[in-house]
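These protein sequences, in sequence, are chains A and B. Start counting the first sequence at 171; every next residue gets the next number (our numbering). Start counting the second sequence at 171; every next residue gets the next number (our numbering).
Derived by calculation from the structure, the hints in this document are not laboratory data. As the structure is a prediction and not an experimental result, all values here were calculated from the model.
Identical chains share a label here; the pair holds if one copy fits it or two copies do between them.
List of simulated lysine to any residue pairs, SDA-like, C-alpha gap at most 25 Å:
no.: 1; residue 1: K245; residue 2: L377
no.: 2; residue 1: K245; residue 2: R288
no.: 3; residue 1: K185; residue 2: R208
no.: 4; residue 1: K300; residue 2: F364
no.: 5; residue 1: K245; residue 2: R370
no.: 6; residue 1: K402; residue 2: F418
no.: 7; residue 1: K402; residue 2: S280
Number of protein chains: 2
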Amino acid sequence: MTGGAVGRVVQSRNKRYREGDFVHGVLGWQEWVVSDGRGLHKVDPKLGPISTALGVLGMPGLTAYFGLFEVGEIKAGETVFITGAAGAVGSIAGQLARIAGCRVTGSAGSAEKIRWMRGELGFDAAFDYKTTLDYRAALSEACPRGVDCFFDNTGGPQSDAAILSLAHRGRVVICGQIAHYNAEKLETGPRLLFNLIIRRARIEGFLVLDYADRFAQALARMAEWVKDGRLKYRETVVDGIENAPAAFIGMMRGENIGKQLVRIAPE
Amino acid sequence: MTGGAVGRVVQSRNKRYREGDFVHGVLGWQEWVVSDGRGLHKVDPKLGPISTALGVLGMPGLTAYFGLFEVGEIKAGETVFITGAAGAVGSIAGQLARIAGCRVTGSAGSAEKIRWMRGELGFDAAFDYKTTLDYRAALSEACPRGVDCFFDNTGGPQSDAAILSLAHRGRVVICGQIAHYNAEKLETGPRLLFNLIIRRARIEGFLVLDYADRFAQALARMAEWVKDGRLKYRETVVDGIENAPAAFIGMMRGENIGKQLVRIAPE
Numbered sequence: 171m172t173g174g175a176v177g178r179v180v181q182s183r184n185k186r187y188r189e190g191d192f193v194h195g196v197l198g199w200q201e202w203v204v205s206d207g208r209g210l211h212k213v214d215p216k217l218g219p220i221s222t223a224l225g226v227l228g229m230p231g232l233t234a235y236f237g238l239f240e241v242g243e244i245k246a247g248e249t250v251f252i253t254g255a256a257g258a259v260g261s262i263a264g265q266l267a268r269i270a271g272c273r274v275t276g277s278a279g280s281a282e283k284i285r286w287m288r289g290e291l292g293f294d295a296a297f298d299y300k301t302t303l304d305y306r307a308a309l310s311e312a313c314p315r316g317v318d319c320f321f322d323n324t325g326g327p328q329s330d331a332a333i334l335s336l337a338h339r340g341r342v343v344i345c346g347q348i349a350h351y352n353a354e355k356l357e358t359g360p361r362l363l364f365n366l367i368i369r370r371a372r373i374e375g376f377l378v379l380d381y382a383d384r385f386a387q388a389l390a391r392m393a394e395w396v397k398d399g400r401l402k403y404r405e406t407v408v409d410g411i412e413n414a415p416a417a418f419i420g421m422m423r424g425e426n427i428g429k430q431l432v433r434i435a436p437e
Numbered sequence: 171m172t173g174g175a176v177g178r179v180v181q182s183r184n185k186r187y188r189e190g191d192f193v194h195g196v197l198g199w200q201e202w203v204v205s206d207g208r209g210l211h212k213v214d215p216k217l218g219p220i221s222t223a224l225g226v227l228g229m230p231g232l233t234a235y236f237g238l239f240e241v242g243e244i245k246a247g248e249t250v251f252i253t254g255a256a257g258a259v260g261s262i263a264g265q266l267a268r269i270a271g272c273r274v275t276g277s278a279g280s281a282e283k284i285r286w287m288r289g290e291l292g293f294d295a296a297f298d299y300k301t302t303l304d305y306r307a308a309l310s311e312a313c314p315r316g317v318d319c320f321f322d323n324t325g326g327p328q329s330d331a332a333i334l335s336l337a338h339r340g341r342v343v344i345c346g347q348i349a350h351y352n353a354e355k356l357e358t359g360p361r362l363l364f365n366l367i368i369r370r371a372r373i374e375g376f377l378v379l380d381y382a383d384r385f386a387q388a389l390a391r392m393a394e395w396v397k398d399g400r401l402k403y404r405e406t407v408v409d410g411i412e413n414a415p416a417a418f419i420g421m422m423r424g425e426n427i428g429k430q431l432v433r434i435a436p437e
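So that you can see chain A by itself, here it is in the shape it has in the complex:
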């Protein structure tokens, strides 16, 4: 199990990094690390607090950005639905869709998450998937003209409902499938795809790393939005590496809001 981390360089014999620089990379779940510099990226502390390099101004934010704008091809006036919408990626995706002029609906798994999405994040509608009985009815009410872009972080029955709720030429962006990560055996495949014919719709998977050559441009835009208050983020922070396993399990259970972080040293 690896994990992205932001760290400070305390000593360097690599010309690209100096003492005091902040770097991001898959540094491991540890307090100190020795690196030859490969796979590291400098973090610009002027863009925002360094923790944002793990969230809104890091992979989660970039995943939301390229998933919506490039894969999902969202346009102003469209309807966007997001599962896992209170998570690190989903909470940014919802706000980016709002910034782009879309109507946004999200689902998440607690009343507190729903309140945050409807309130601070500005979602137009939201439902709690743990207490909602009929996802298709919920989507039909929240998205009466159908879903133009479905940004899927979860898979499972919510996805089934969203695929059946697609508008003409709808797009499904497969970002995550957390409902299936622990599947013990290979599950059955698509059985609802006839609706893709009816709707001339598509389902597409992507990995954000494919857009690496445009990260800097995207981060500059998002940093502006964070600074002017249009793009909000939340972090769930636990202190001490000894609490990392519990935080990870909590995340898989959906206990975090926004990006789950472990602070292992003062900033």
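Since the structure of chain A is already known, use the hints to place chain B on it.
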């Protein structure tokens, strides 16, 4: 239940059609029909025998053409897999992919169909889905570098295997889902889509009518290929409208090869 038909105009008070013209349209399963001309299209007998307006030079051929070239975006050197590959659409799709310089594998449901595909139609590989036990193994052998474009006419377990066999940036063209047309209740949705993330792949549905403004251009190209022998077609013809119901049921059972036709009057 409607059906496309080609007929000859025996009398006309519509300026667009003269006695003796051949027309195509959803004319019903009947020997004579009165029409106000809406939804009819002239059939050019110079392009080929008039029956081809129901097959290779009609909706099935156009569906294969736009599905592969526009939705599937096939390129020379790619690997294409087609289910229902001995049917009216699939048999054309396989040959069009060959004409485009692709390596083509198809599946169908009888030894005779497989022989036709491997022989006259020039498929590089083919397997009988009724006697093949492990579709993923069959695809792995036939498409060792993965499937770049999966043209799906069937759905079902063959589709599951093909989605798991996609190459990087693979495309799934949802043309038909015959395995699911008779589903008595709403079936479960996609459960294998994590592979779309890994492969950066997409699944897209389409209806050929969306390309209507380019039909003439496509038909002209395909008519050339038919004339020069690069594009072959086969028809399964029964005589007499009284045999239409049996022919229809036979088609649903996969008994036809190529386009299933009912001849209700001499040409």
